[in-house]
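Engineer: Listed below are the residues making up each chain.
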Amino acid sequence: MNFIFAILAGLTVGAAFAAMTLRNLVHCALCLTVSLIGLALLYLQLGAEFAGFVQVLVYVGAVAILILFAVLLTRGGEAPVGRITNSLGAGLLVAAAVFGVLAWAIIGSSALKALPKETPQPALLVKAVGDKLMGEFVLPLQGIALLLTAALLGAVVIAMREKSSPAGVAVDSRSATRNP
Amino acid sequence: MASLDQIFVTLKEQLVQLFPAVLQPYVGVLLSIVAIMAVFPGIFALTTVVERKLLARFQNRPGPNRVGIPLTKIRLAGFGQFAADGIKSLTKEDIIPRNADRKVHFIAPFVLVVPAFLALSVLPIGRNMTALDFPETGLLFFFAIGAATELSVFMAGWSSRNKYSLLGAMRGIAQMLSYEIPLILSSLTVVMMVGSLSLVTIVERQTSVQWGFFHSWHVFTPWGFAGFLLFLTAACAEANRTPFDLPEAESELVAGYFTEYSGFKFALFFLGEYLGMFAISGVAISLFLGGWSAPFTFLDWVPSWLWFFGKLFAFILFFIWLRGTLPRLRVDQLMNLAWKFMLPMCLLNLLVVGVWHFTAEWNELLRWSLATVLLAGPYWLFSRSFEARFKPRTYRYAADSPAAPVVAPVAPQVPI
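Those protein sequence lines, which keep their order, are chains X and Y.
The working numbering puts the first residue of the first sequence at 340, with every later residue one more than the last.
The working numbering puts the first residue of the second sequence at 4, with every later residue one more than the last.
Next comes chain Y alone, as it looks inside the complex:
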């Protein structure tokens, strides 16, 4: 089974050997690029259909089920839909508003898509399968590249000369800046524990066997579990997925910052968003869910890359499920969650990691209870707002008696 595990690595080596020695490093790089450029957009194509079908099922309708292979009777249960969508977006007219800033309007989609591909290249998608390994700064590279997303959102929103676009962009940037802090702080726990910024090292550290039958993923520790939940929430917001899809809230802002895009540029935005989601899911997998390692030792025979992509698909399905289930947050709720709940919890989690690190010789039970109490107590305090915890619960719109406490006039919602 070791050969199946390394099949792509071997294949690449064999292919590189076909070329003269001078060209070999370049061919190796090119092959890695081609693999990333082929695999992840392929997953994107699959995801668009799966998402539409699943959302349809959540809403009690069949969803796309017609398009198959053209000129035949084969329908593939609607899985030919992505090809039809792609051809449609390629052949549509590319409309640029007359007042738009044409250059910035043109560049914006590329500023989103290119960094998304770069971010995917640092992910360890299998044993010995990392396109771009920075032994010192892998994770930092990922977050640095993520900065371009905000820039692209701004460029798209501003250059369109459209209020909806600009509002969407402002919301998007405010949201991404706010949630980047919990995102980085929650991944810092893993960096503290492993002592390395390299995603490859972080994954390898999680392959050690605990109690004889399972791998010591970080999610199986109190700080890892809390960090994973915080990271997942922040990742959801960074990827603009429901319940954090305010920047492109279709019932309020048409399509947010890419309202004025059509045709293939719109498709590029779509692609960039999904690639960003895959990348951030991949980082969550690498940091907390053991990367390419199997959960149990008796499952080690399954190839490592299959584990990674399996986990990635689980993440995608989870995000689709969330989209079908949760309503959208309001802007002030969004900010409150990031600054008043997630940020204190992230800082606390850093403290817990320190405690965990220095109590390595303690009795496991004592250590676990200490860390759990340190995390669960503040969670109980902060999960509703701090002062609300010590007051009786009031319902603003459901108070039925006239004697109910007069509610202070609601402050006007200033859209961000």
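The shape of chain X in the complex, shown without the other chains:
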């Protein structure tokens, strides 16, 4: 276990812990972002450039911003909230159970046994990723594209402005208050 890994792991776990424990939701989201960046740096340390940069691009550039937007729009970011849950024991139990299942699955997985002890630096070519996506995994890719399109359409339908009522009065309350 080398020195850089220790720093990165400390950063990732520490930020994740802060994201759990801080009282201000925006601070939590920002700490989660730091944790995601730490994860990306771990990928980079393993030589997986593509995965690392995509992690930053997708999680920091889109997901974190989405979370922050959601926090702001639900007015959670205005004041520090109190204790979120009282069922600490149940939470710990669930967390321990999830951790146990994941650890059992990873330790028992065949992929881990197949790995040689000293892994050479994997020469991951972006071209290879593209070939796989467009060849072997083209059907799942299309499925995900379809799913995302459906989600996008759903979001548009939800966000679409209500049609004004036949009397010509806009339903939107904003325009009603504008001309008293």
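Mixed in with the good hints, there may be bad ones.
What the hints assert, rightly or not - Part of the chain X face toward chain Y, derived, beta carbon under 10 Å:
hint, residue
1, 366
2, 395
3, 396
4, 434
5, 437
6, 464
7, 475
As the list claims (entries may be wrong) - Take a look, some chain X residues computed to stay more than 10 Å from chain Y by CB distance:
hint, residue
8, 341
9, 344
10, 353
11, 355
12, 404
13, 426
14, 429
15, 476
16, 487
Treat the hints as calculated values from the structure; they're not laboratory data.
No residue lacks a Cβ here, since even glycine has one placed at the ideal position from N, Cα and C.
We have chain X; now place chain Y onto it with these hints.
Structural biologist: Showing chain Y alone in chain X's frame:
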């Protein structure tokens, strides 16, 4: 002339040789960092003065023309202004609003400036002159680093506890997220054609000679030309330059997301914005305008780094010119442009690149006309909104007769 072209590379090698072998890699890295940290802020300093002088000229006034070297009579036509500005911002009081979130308020400017420097480090600024070359993922690194800008804008806007700041931040993030899509899609054309994400490879591919006298820059192809225009528009929006400067619209939002910043932190925001503009211009140059290569073969004797910085200055002047010329867009116009015009055009351009790739053996004229028709037709359809193309043009506020069609009540503008 080859020696002048490689003068900085040689200089760096010579300097590194002065150190013991153990330290040499670190010294090399340090020298690259120092060069980037010195050159681009230097250009920033120059740009602030040039911008103020040029904008003044566009508005028929002299602009800054007094400050020269202190304690002498030398005025330098006002080019000492940046030093005065820098000293002013350093000595000003650093005000933090009482209700502000102090930690986030403090971190925000650094989250903007540090990634801007990182983004500059992947640019090939000359032959063999790239500080940080990722042979597999150079361009991806650039876009990943750009994600921090949005985060910084949010942090600054939210932590200030000011409506103007928050409104500016929300506008800024909505704008950056929207325009990132056309930005990435338009640069994807080049990646498809070259088959590499490395900016160095992309530039080298454009140095091949066509018809004996000019280099085959990507902008000299139909898809490259369309892609360049789309990239330039999206870059303008990403850099928050007029006509896309809604996040900091000074006539509406004081200064947008950095309203509550003063002193040196304000200067850092200013620096970060300009560095971001340089970086994105540099990527546009590398992707479409041949990077450090000369336009014509008979100009190859000019050092490569001079070409890069010349093109960069041309970009800066172009952005200043735009700022002096165009009015600001409205929020809904901004979104319509990104989603209803630029996104379809970008997707179409990807198709055209595919066609271009598979028609490499065709007659050049046939190939050119096919690609041009494929791009120009939809441009004609989409440039005004699609349905408006098939209706007579109406002018909402200029209809002079009472018989003019009654216009539907204008929806209230919800600021984003």
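Engineer: Indicate, hint by hint, whether the structure satisfies it.
Structural biologist: Here's how the hints hold up against the structure:
no.	hint	verdict
1	366	holds, 7 Å
2	395	holds, 4 Å
3	396	holds, 4 Å
4	434	violated, 28 Å
5	437	violated, 29 Å
6	464	holds, 7 Å
7	475	violated, 20 Å
8	341	holds, 18 Å
9	344	holds, 20 Å
10	353	holds, 16 Å
11	355	holds, 17 Å
12	404	violated, 5 Å
13	426	holds, 30 Å
14	429	holds, 32 Å
15	476	holds, 19 Å
16	487	holds, 13 Å
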